[in-house]
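J.: No gaps in the numbering here: position 462 of the sequence shown is 462 in this note's numbering, and each next residue is one more.
Do not rely on the hints blindly, as some may be mistaken.
Claimed, not checked - Each computed DSS-like pair below joins lysine-lysine, with the alpha-carbon atoms no more than 25 Å apart:
no.: 1; residue 1: K302; residue 2: K453
no.: 2; residue 1: K453; residue 2: K381
no.: 3; residue 1: K503; residue 2: K416
no.: 4; residue 1: K498; residue 2: K479
no.: 5; residue 1: K416; residue 2: K478
no.: 6; residue 1: K498; residue 2: K453
no.: 7; residue 1: K474; residue 2: K302
no.: 8; residue 1: K474; residue 2: K508
no.: 9; residue 1: K498; residue 2: K485
no.: 10; residue 1: K416; residue 2: K378
no.: 11; residue 1: K378; residue 2: K508
no.: 12; residue 1: K478; residue 2: K302
no.: 13; residue 1: K461; residue 2: K416
no.: 14; residue 1: K461; residue 2: K478
no.: 15; residue 1: K302; residue 2: K416
no.: 16; residue 1: K453; residue 2: K474
no.: 17; residue 1: K508; residue 2: K381
no.: 18; residue 1: K503; residue 2: K485
no.: 19; residue 1: K381; residue 2: K480
no.: 20; residue 1: K480; residue 2: K461
no.: 21; residue 1: K508; residue 2: K485
no.: 22; residue 1: K192; residue 2: K104
no.: 23; residue 1: K485; residue 2: K416
To be verified - Label pairs and their calculated CB-CB ranges:
no.: 24; residue 1: K478; residue 2: E389; range: 41 to 47 Å
no.: 25; residue 1: R379; residue 2: E207; range: 51 to 57 Å
no.: 26; residue 1: A35; residue 2: E402; range: 44 to 50 Å
no.: 27; residue 1: E389; residue 2: T95; range: 34 to 40 Å
no.: 28; residue 1: G482; residue 2: E162; range: 58 to 64 Å
no.: 29; residue 1: V493; residue 2: G56; range: 16 to 22 Å
no.: 30; residue 1: K378; residue 2: T95; range: 29 to 35 Å
no.: 31; residue 1: D143; residue 2: E389; range: 36 to 42 Å
no.: 32; residue 1: K416; residue 2: E126; range: 45 to 51 Å
no.: 33; residue 1: Q462; residue 2: D166; range: 47 to 53 Å
no.: 34; residue 1: D447; residue 2: G279; range: 27 to 33 Å
no.: 35; residue 1: G468; residue 2: A101; range: 28 to 34 Å
no.: 36; residue 1: A17; residue 2: R107; range: 32 to 38 Å
Think of the hints as simulated: they come from the structure by calculation, not from any bench. Built from N, CA and C at the ideal position, the CB exists for glycine as well.
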Amino acid sequence: MTATGNAAQFFVDRHVAEGRGAKPAFREAAGQRRAITYGELAEQSGCVAAALQRAGVPREARALMLMLDQLEFPAVFWGCIKAGVIPVPVNTLLTGSVYDAILKDSRASCLFVSESLWPEIRAAAESSAYLDRIIVIGDTAPDGTQTLGDFMQGCGPVAAVETSLDDTAFWLYSSGSTGQPKGVRHVHGSLKATSDTYGRQVLGIEEADVVYSAAKLFFAYGLGNAMTFPMSVGATAILFDGRPTPDRTVDILAAEQPTIFCGVPTLYAATVAHLERAGRPDVPLRRCISAGEALPEDIGRKWRDIWGVDILDGVGSTEMLHIFLSNAPDDVVYGTSGRAVPGYDVRLVDERGDDVGPGQIGELLVRGASAADGYWNKRTKSRATFEGEWTRTGDKYERTPEGRYIYCGRTDDMFKVSGIWVSPFEVEQALVGHPAVLEAAVVARRDRDGLEKPKAFIVLKQDQGAEGLADELKDFVKKKVGKWKYPRWIEFVSDLPKTATGKIQRFKLREES
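With the sequences and hints as input, model every part of the structure.
T.: As C-alpha cells, then:
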C-alpha cells in the first residue's frame with residue numbers, strides 16, 4: 001500500500017504504473033459483452049471522483065450504490081473512494097420500504113442507481129430529506145436525475161485523495177439473517193488485508209486467473225471474489241447482472257472459461273442436480289469456493305466427482321469483510337469449515353465467555369486486521385459484537401481434536417432435545433444426503449408437551465414425488481446422525497426463504513411452525 005493508504009491506489013492505479021493498463025479488469029458475461037481495462041478503469045474512476053468534487057460532495061459523505069453487477073459498478077465504487085466519499089453498495093433485491101430505511105439511516109447525499117432498479121427506490125429517493133442528487137446508470141434520466149455520462153461530462157480524472165489506512169473507505173449493509181440490515185463500516189486497510197490473507201494464502205489467486213463469482217458485488221463475499229481479489233493481482237473478473245440460476249451459471253462457465261468459480265451452497269446444490277441431468281461443459285476450473293452457509297458434505301463430494309475440483313468451503317461475515325475460516329487446497333475435509341485462514345485467530349467460548357475444548361460446542365469468535373470499525377448508529381450492538389480485538393460471529397461451532405471446525409448453526413438457531421444441543425445443520429446435512437432431497441432446513445417446534453423437537457422443511461429434486469417419503473426420510477436421518485435427532489415433522493415446500501447471500505432465514509420458518 002502506498003504511503004497515503006488510499007485503497008484505490010493499490011487496487012486500481014498501481015496496475016497502470018506496473019504495465020497492466022491494457023489488460024481487461026472486468027468483462028460482462030451477457031448482452032453487450034462490454035469490457036474495461038485497468039487503464040480505462042483508472043481513468044473512469046478518476047473522472048467519477050472529479051465529478052463528485054465538482055458537485056460539491058464532501059469527503060466522508062455517503063453515496064448509496066443500488067447497482068447491478070455491470071462495468072459501471074467498479075468505476076463508481078473506486079471513484080467514490082478516490083474522492084474520499086464513502087460508497088455504500090446495497091442489496092438489489094430489497095423492497096422500497098427497506099431502501100427508505102437505509103436512505104434515512106445512512107443519510108446518503110447522492111444515489112447511483114441502475115436504470116432498471118429505479119422504479120423500486122424512486123418513492124424513497126424522491127422523499128429523502130438528505131439526497132442532493134441522483135445519478136442513473138443507463139441511457140435516459142427520469143425527471144430530477146441525470147445519467148452517469150452527464151454527471152461526468154467535461155471532467156478529467158483526478159488523483160486519489162490522501163487517506164490513512166484507518167479512514168473509513170466504504171460501508172456494507174449486512175444481509176441480516178433476521179431481516180434487520182445494519183450499516184457496517186470498513187476502513188481502507190481492510191481491503192488489502194483480505195487480499196493478503198485469504199486471497200493470496202488460501203485462494204492462491206494469480207494474474208492469469210479469470211474469476212466468475214455468482215455472488216454479487218453488493219455484499220462482502222462477492223466484493224472480495226469479483227473485485228478486490230482479482231484486482232489485487234491484476235486478474236480478470238466476469239460480471240453478470242442477472243439471477244444466477246443453475247442453467248445460466250453453467251452457460252456462463254462454458255462461455256467465459258473461468259479458472260476460479262465462487263458460489264454459495266444453495267447454488268452448488270441446484271447446479272449439481274442440473275449437471276447430473278445435463279452433463280458438464282469443458283471448463284478450466286482450478287479453484288471453487290463456497291461461503292454464506294456451511295456446505296453439505298454430500299454436495300461437495302458430488303461437485304468434485306463432476307468437475308474433478310474440490311470446493312473450498314469457508315465462513316466469513318460482513319463484519320470481517322471476507323472468509324476467515326476455510327478449507328484449503330490439498331487440505332479439504334467435507335462437512336467442516338476447515339481451519340483459521342493465515343492472519344486470523346479463532347476461538348470457541350461458552351455462555352460465560354470461557355473457552356471450550358475439542359468436542360464441545362461454543363460460539364465462534366475471530367480476530368484479524370479486516371474487522372469492521374463498528375456498526376453505524378448502533379452503539380449497543382457494536383459493543384456486543386466487537387469486543388476489543390475479537391468479533392463475535394453469532395455462529396456455533398465444534399472443534400475437532402485435529403483443529404478443524406464443524407458448523408453447528410446460528411446461536412439463535414440452536415436448540416436442545418432431551419437436554420442435549422441439536423445442530424440444525426447436522427440434521428440438514430443428513431437430509432440432503434438422501435437422493436430425493438435438494439434442500440433442507442431444520443428448526444425447533446414445540447410438541448404437545450411443550451418440548452422442543454426438530455421440524456424439517458424439505459425441497460425435493462425435480463420430478464421427485466413426496467408420497468411416502470416423510471417416514472423414509474425420518475428413518476434415513478436416524479441411521480445417519482442418531483435416533484433422537486430425527487425430524488418429528490416434515491413439511492415439503494417449493495422453496496426456502498433466503499437472504500440475497502443465500503442464507504436460509506430460519507426465523508421465518510420458526511414463525512410458520
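J.: Indicate, hint by hint, whether the structure satisfies it.
T.: Going through the hints against the structure:
Restraint check: the Cα-Cα separation between K302 and K453 comes to about 30 Å, which exceeds 25 Å; the hinted pair is violated. The straight-line distance between the Cα atoms of K453 and K381 is roughly 31 Å, outside the 25 Å bound, and the hint therefore fails. Of the pairs offered as hints, the one joining K503 and K416 holds, with about 22 Å between alpha carbons and a cut-off of 25 Å not exceeded. With a C-alpha separation of about 29 Å, the suggested pairing of K498 with K479 is violated against the 25 Å cut-off.
With a C-alpha separation of about 17 Å, the suggested pair K416 and K478 falls inside the 25 Å cut-off, and the hint holds. Of the supplied pair hints, the one linking K498 and K453 holds, its CA atoms being roughly 23 Å apart against a limit of 25 Å. A C-alpha spacing of about 23 Å is found between K474 and K302, which places the hinted pair at or below 25 Å, so the restraint holds. For the hint linking K474 to K508, the alpha-carbon distance of about 23 Å falls within 25 Å, and the restraint holds.
The suggested pairing of K498 with K485 holds, with an alpha-carbon distance near 24 Å, which does not exceed 25 Å. This hinted pair does not check out: K416 and K378 have alpha carbons roughly 31 Å apart, beyond 25 Å. A distance of roughly 24 Å separates the Cα atoms of K378 and K508; the hinted pair therefore holds under the 25 Å criterion. Our distance criterion of 25 Å between C-alpha atoms is met by K478 and K302, whose separation comes to about 23 Å.
Simply put, K461 and K416 have alpha-carbon atoms about 30 Å apart, too far for the 25 Å limit, and the pair is violated. About 21 Å separates the Cα atoms of K461 and K478, which keeps this hinted pair within 25 Å; it holds. Restraint check: the Cα-Cα separation between K302 and K416 comes to about 31 Å, which exceeds 25 Å; the hinted pair is violated. Restraint check for K453 and K474: the C-alpha separation of about 13 Å stays at or below 25 Å, so the hint holds.
A hinted pair counts as satisfied when its Cα atoms are at most 25 Å apart, and K508 with K381 qualifies at roughly 22 Å. Annotation: proposed proximity of K503 to K485 holds, straight-line Cα distance about 22 Å (limit 25 Å). Taking the CA atoms of K381 and K480, the gap is about 39 Å. The hint is violated against a cut of 25 Å. About 20 Å separates the Cα atoms of K480 and K461, which keeps this hinted pair within 25 Å; it holds.
Taken as a hint, the K508 and K485 pair is honoured in the structure, with Cα atoms around 21 Å apart against an allowance of 25 Å. A threshold of 25 Å between alpha carbons decides the hint, and for K192 with K104 the separation of about 30 Å lies outside it, so the pair is violated. The straight-line distance between the Cα atoms of K485 and K416 is roughly 10 Å, inside the 25 Å bound, and the hint therefore holds. The hinted range of 41 to 47 Å is satisfied by K478 and E389, whose Cβ atoms lie roughly 43 Å apart.
A beta carbon spacing of about 43 Å between R379 and E207 contradicts the range 51 to 57 Å that was offered as a hint. A C-beta distance of roughly 45 Å is found between A35 and E402, which places it inside the suggested range of 44 to 50 Å. In this structure, E389 and T95 meet the distance hint of 34 to 40 Å, their C-beta atoms being roughly 37 Å apart. Distance hint check: the CB atoms of G482 and E162 are about 59 Å apart, consistent with the given range 58 to 64 Å.
For the hinted restraint 16 to 22 Å between V493 and G56, the CB-CB distance of approximately 51 Å leaves it violated. The given range of 29 to 35 Å is broken by K378 and T95, whose C-beta atoms sit roughly 21 Å from each other. Roughly 50 Å separates the CB atoms of D143 and E389, a value that falls outside the hinted 36 to 42 Å. Separated by about 50 Å at the C-beta atoms, K416 and E126 satisfy the suggested range of 45 to 51 Å.
A hinted range of 47 to 53 Å for the beta carbons of Q462 and D166 is consistent with their spacing of about 51 Å. Between D447 and G279 the beta carbons are some 46 Å apart, a value that contradicts the proposed interval 27 to 33 Å. Checked against the hint of 28 to 34 Å, the C-beta distance between G468 and A101 comes to roughly 46 Å, which is inconsistent with it. Take A17 and R107: their Cβ atoms lie about 36 Å apart, and the range 32 to 38 Å holds.
This entry does not satisfy hints 1, 2, 4, 10, 13, 15, 19, 22, 25, 29, 30, 31, 34, 35, going by the numbered hints stated previously.
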